[in-house]
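Engineer: Each chain, written out:
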Amino acid sequence: MSIRPLHSLLVAGVALLALAACGSAPPPTAGADPTVRLLTEPQYRQIIADVFGSQIVVGGTFDPMVRTNGLLAVGASQAHVTPAGLEQFDRMARAIAAQVVAADNRDVLVPCRPARAESADEACARAFFGQAGRLLYRHPLSAEELRVPVAVAGEAADRLGSFYDGLAAGLAGMLVSPSFLFVIESTEPDPAAPGKVRLDAFSKAQRLSFFLWGSTPDDALLAAAEKGELHERDGLEAQVERMVASPRLESGMRMFFNDMLAFEDLARLEKDSLIYPAFSAAVAADAREQTLRTIVDQVITHRGDYRDLFTTRKTFISGPLGRIYRVPVARPDAGFMPYEFPEDDPRAGLITQVSFAALYSHPGRSSPTLRGRAIRELLLCQKVPDPPGNVDFSLFNDPNAPQRTARDRLTAHATQAACSGCHKLTDPIGLGMENLDGAGQLRTDESGAPIDAAGNLDGIDFKDVAGLGRAMRENPAAPACVVDRLYAYGTARAPLKSEKALLEYFTGEFADSGYRVPELLREIATSDALFAVKAPAVQSAAVVQPAPGDPS
Amino acid sequence: MTVLLKRPATRRSVLRGMLGGASVGVALPFLDVFLNESGTALADTGAPIPVRFGTWYWGLGHTPGHAIAPKTKTGPGITFLEECKSLKPYEQHLNYFGGFNMPLDGRSNYTHFTGWVASRTGSAPSSNSDIPAPTLDLLVADQIAGNTRFRTIDCTSVGIPRENYSARSTNNRAAAEASAERLYARVFGGEFADPNKGEFTPDPKVMVRKSVLSAVREDSKALEKKLGAADRARLDEYFTSIRQLENQLDLQLKKPEPNAACTLPERPRKEGDEQHIKAGLEVDTVVENHRIMAKLMAMAVACNQTRIFNMVFSDNFSHLRRPGQTYTHHLLTHEETWDKELGYQPVAFWFNCRQMDAFATFIETFKSIPEGAGTLLDNVLIFAATETNYARVHSIDGVPVFTAGHAGGRIKTGLHVVGNGDPITRVGLTAMQIMGLSLDTWGTRSLQTSKTISEIVA
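Order-wise, the sequence lines are chains C and F.
Just so we're aligned, residue 3 is where the first sequence starts under this note's numbering, counting upward by one.
Just so we're aligned, residue 6 is where the second sequence starts under this note's numbering, counting upward by one.
By construction, these hints were calculated from the structure, which means they are not laboratory data.
Incorrect hints may appear among the rest.
In silico DSS-like pairs for lysine-lysine, Cα to Cα no more than 25 Å straight-line [what the hints assert, rightly or not]: (1) F:LYS202 x F:LYS283; (2) F:LYS417 x F:LYS76; (3) C:LYS198 x F:LYS230; (4) F:LYS90 x F:LYS260; (5) F:LYS202 x F:LYS226; (6) F:LYS93 x F:LYS76; (7) F:LYS226 x C:LYS536; (8) C:LYS536 x F:LYS231; (9) F:LYS231 x C:LYS198; (10) F:LYS456 x F:LYS76; (11) C:LYS536 x F:LYS230; (12) F:LYS210 x F:LYS260; (13) F:LYS231 x C:LYS229.
Negatives, chain C to chain F, calculated, CB over 12 Å [unchecked claim]: (14) GLN80; (15) VAL298; (16) HIS304; (17) ASP307; (18) ARG325; (19) ASP335; (20) GLN384; (21) PRO497; (22) GLY516.
Here chain C is said to cover these stretches of chain F; the calculated rule only asks that three of the stretch's residues, wherever they fall, bring their Cβ under 8 Å from a Cβ of chain C [unchecked claim]: (23) 161 to 167; (24) 170 to 176; (25) 210 to 216; (26) 239 to 250; (27) 302 to 311; (28) 320 to 334.
Positions of the beta carbon are idealized from the N, C-alpha and C atoms, including for glycine.
Generate coordinates for the entire structure from the input sequences, incorporating the hints supplied.
Structural biologist: In structure tokens form, the structure reads like this:
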């Protein structure tokens, strides 16, 4: 297997970026079909918290999605609802609805009181569903869309003898409706380009809100859509400005980076308690939180340089994390506190944090290969080929052999031509993290042998993990990667091959801004590219057949 | 709280209405007298005891030469070697399929993935996430899942919901039940109607739920017109799921038929209880969770809650581990020293043995539930497969497969079937045919087959 000359490609890429950045407007794109995306688990949870409050508990299991172009949020555009998945959505919907109308919440969340609590009240139900439905369906309800939950609530209230139980039934119906579960985009003729289509205003509002906030549009954004302001540059820019300045941007970006780093697996990360007694579920949860706080603090709160995420010593620490980082925490029960690793500490940057180091390891040992692959694929957007299917690993990896360190063992892979190509992409990077064990704790040796963490990333030498972070900071693939991922996140699809120049343009603008993420978000969110769509091919209803086994 | 939906209001208390609903008193204890003479059908309705289909999955295959002794010709008698010795008592309930191949027509062997996808879908994947066709359990479900609460029940004992090897396509895959407590709550919780309980009271809340879903389905039809073909197919799948849920509610509104095989299982220990088993990948934990979940799953089948069941004992990369050991089962298969005297990797072999022990437990669980004149095992067909033959080198040709159960007498058992290099899809095709599917051919490209394994068809 030949090795891709990554560094030379990257150097060429930088030159292209510089040229692309000279332009003043993004290169045009024809866009793709409008998307129909199933809400991801974080989006679902965020919407419920935004609309009804964070006191509403969301339980249940979501069907797994397929990570596409590095993001579950892109895989959502192809995701189906299975029978078991719908059963879960139904269960969640009923539990949420019951909490919304419970005595503790109804006075805040229901905009009126029924004439009699024991029976239906159409006017009050109409007022509730009109408001809630607008936020849940992400557009003002049509007369028919409003009639249905009102009728359901009325019938249920009469049957159950309770206005609020009826209201809960109607709300549960909304929460299992495809109008809620799927983010469905619609097009309309584009008056500025005869024969072509554009996203309608509410679809634009959805793209903006899921891109920046990971949630449903708020009232002001929907109002702007209703007035047609999102089709006008001034109106669009005003909304984007407001959204980027909103505190909701923080939760939106947490959601994005959680997806980009594939941190969903941290929730069930398991380590061997005999080998790593300091690691626990609480540590895993706090490790995720630490990294997301570090990111938000750096790129949103302080509007810092994105690349500094790979070198920053500033972070946050909690009691459980203090034990695994072996640093004193003055008030272990006080939640997260700002913390800065000293200059002589090897820890600097995201990849040296417990979250990343532990997640990309085995339960009882580190894994330079998993770590190297994660850095290449998640942070630099480079594809590492899958391992070949016919290699006898035991030829070169024998725990009883004198190879005591991971470097010794992996060096043996170089003897196998089928392995060496890919391992040269991952191992020189991953071995740079060997001073962090499988739980992310610092160490200087493995099995009594000193660890050599020196390596090279795309032409830049380093001698330890902090140096690896500096090499990543200087790697042009790192900012280009976050541009790629953010654009994919906003459009809910993989960038098209024809959009190469567009991504290079955004990357150039990102560089010009000093790699400020809010500037990049603003640039993408106000671009025509974010909303560019082709006319969808619509089939006639007559040719659609029921799915096999349809029980009806 | 900061919410988008709110109104300023004062608090007040509201009397909540009491649920209505009539109680229907029906006292019909179920006795064997309700069976016909042969014990294969219900005497009162004449309906045969249904034949159900399930799968059992284990990761990382076998230790060649130490699991099942090879044969040169198909015939009765399976020679269980050390790794599979716990299956010996079940020989007459099993078939073993060896020597079947998995031709990929030049496609890559995506390690620990291609094997299970090809044997379950009949097609080789084109990437490490591609599921090119529905898995066979769902094809059988389309045929027989009919009148049960759950179209399928999918479980995994490794505690990770995405470890489910039942899928309709790449992006159409349900989460598995990964906790015994949740499985119990879903199947035997408040919505379970005990068929042998005299009293049956239709729950008015269920009626309300059904009308809610009907309204949602009707209201959502207009959406179809807005969508392109691919997205309409996804919406159709959504409607199918809605109808399945409506069907489930319909069943909850009817008094279930008395059923002697059905007894309410013991509730698993909850978190915080003494002896509660947490989810995890330590092998003892997985074995115990599997034992508990197998009991719940088998009883869900006996109680006619589902006719399709899928159990994943270990994931396809088998992350099973022993406390204090740095190597997981998967790592061991690649990195443990091959013991020249024993002829295998001893610790990896130990894990393989535990997996076959678990398969024996699964079979015994079905065998221990009386049904009709025999046991539940008589009326199920279990397709048990893995993704590799020899994990050490990721080989997929010769991947081992078992069937367990008698499928209501439709399958011969106690046979060692020799594949002679035929595609592995012959096993799946034959299993589906035994389950009543009118299927002449299954699979694609070189995995396509129309050759039934007639030796096992009764």
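Engineer: For each hint, tell me whether it holds in the structure or not.
Structural biologist: A quick look at each hint next to the structure:
1. Pair hint LYS202 of chain F plus LYS283 of chain F does not hold up; C-alpha atoms about 32 Å apart against a cutoff of 25 Å.
2. At most 25 Å may separate the alpha-carbon atoms for a hinted pair to count; LYS417 of chain F and LYS76 of chain F meet this at roughly 18 Å.
3. Between LYS198 of chain C and LYS230 of chain F the CA atoms are separated by roughly 19 Å; this keeps the pair inside 25 Å, and the hint holds.
4. Using a Cα cut-off of 25 Å, the hinted pair LYS90 of chain F and LYS260 of chain F is violated, with the two alpha carbons roughly 44 Å apart.
5. As the CA atoms of LYS202 of chain F and LYS226 of chain F are separated by approximately 40 Å, the hinted pair breaks the 25 Å bound.
6. With a C-alpha separation of about 17 Å, the suggested pairing of LYS93 of chain F with LYS76 of chain F holds against the 25 Å cut-off.
7. Pair hint LYS226 of chain F plus LYS536 of chain C holds up; C-alpha atoms about 24 Å apart against a cutoff of 25 Å.
8. In summary, the hint linking LYS536 of chain C to LYS231 of chain F is supported, as the alpha carbons are separated by about 14 Å, within the 25 Å threshold.
9. A hinted pair counts as satisfied when its Cα atoms are at most 25 Å apart, and LYS231 of chain F with LYS198 of chain C qualifies at roughly 16 Å.
10. Note on LYS456 of chain F and LYS76 of chain F: the hinted pairing holds, with a Cα-Cα distance of about 20 Å set against a maximum of 25 Å.
11. The suggested pairing of LYS536 of chain C with LYS230 of chain F holds, with an alpha-carbon distance near 17 Å, which does not exceed 25 Å.
12. Proximity of LYS210 of chain F to LYS260 of chain F is assessed by CA-CA distance (about 16 Å); at most 25 Å being required, the pair is judged to hold.
13. For a cut-off of 25 Å, the pair hint linking LYS231 of chain F to LYS229 of chain C stands: about 23 Å separates their Cα positions.
14. For GLN80 of chain C, the requirement that its beta carbon stay farther than 12 Å from each beta carbon of chain F is not met, with the minimum near 4 Å.
15. At roughly 18 Å from the closest C-beta of chain F, the C-beta of VAL298 of chain C stays outside 12 Å, upholding its exclusion from the interface.
16. Interface exclusion of HIS304 of chain C from chain F stands, the closest Cβ pair being 23 Å apart, more than 12 Å.
17. Here ASP307 of chain C stays apart from chain F, with its beta-carbon at least about 31 Å from theirs, past the 12 Å limit.
18. Once the 12 Å rule is applied to beta carbons, ARG325 of chain C is consistent with being away from chain F; the minimum gap is 20 Å.
19. No beta-carbon of chain F is positioned within 12 Å of the beta-carbon of ASP335 of chain C; the least distance is around 22 Å.
20. At roughly 16 Å, the least C-beta separation between GLN384 of chain C and chain F is larger than 12 Å, which holds for a residue marked as non-interface.
21. Every CB of chain F lies more than 12 Å from the CB of PRO497 of chain C, the least distance being 18 Å, so the non-interface label holds.
22. Every Cβ of chain F is farther than 12 Å from the Cβ of GLY516 of chain C; the closest lies at roughly 32 Å, confirming the non-interface assignment.
23. As drawn, the segment 161 to 167 of chain F meets chain C at 4 residues by the rule of a beta-carbon pair under 8 Å; at three or more, the given contact holds.
24. Check result for the segment 170 to 176 of chain F against chain C: holds, 4 residues qualifying (beta carbon to beta carbon below 8 Å, three or more required).
25. Residues of the segment 210 to 216 of chain F lying with their CB closer than 8 Å to a CB of chain C number 5, which satisfies the three-residue condition for coverage.
26. A stretch counts as covered by a chain when three or more of its residues have a beta carbon under 8 Å from one of that chain; for the segment 239 to 250 of chain F and chain C the count is 12, and the coverage holds.
27. Three residues within the 8 Å Cβ limit are the bar, and the segment 302 to 311 of chain F against chain C gives 0, so the coverage statement is violated.
28. Chain C is given as covering the segment 320 to 334 of chain F, and this holds because 8 residues of the stretch bring a CB closer than 8 Å to a CB of that chain, at least three being needed.
Consistency note: the structure conflicts with the earlier hints numbered 1, 4, 5, 14 and 27.
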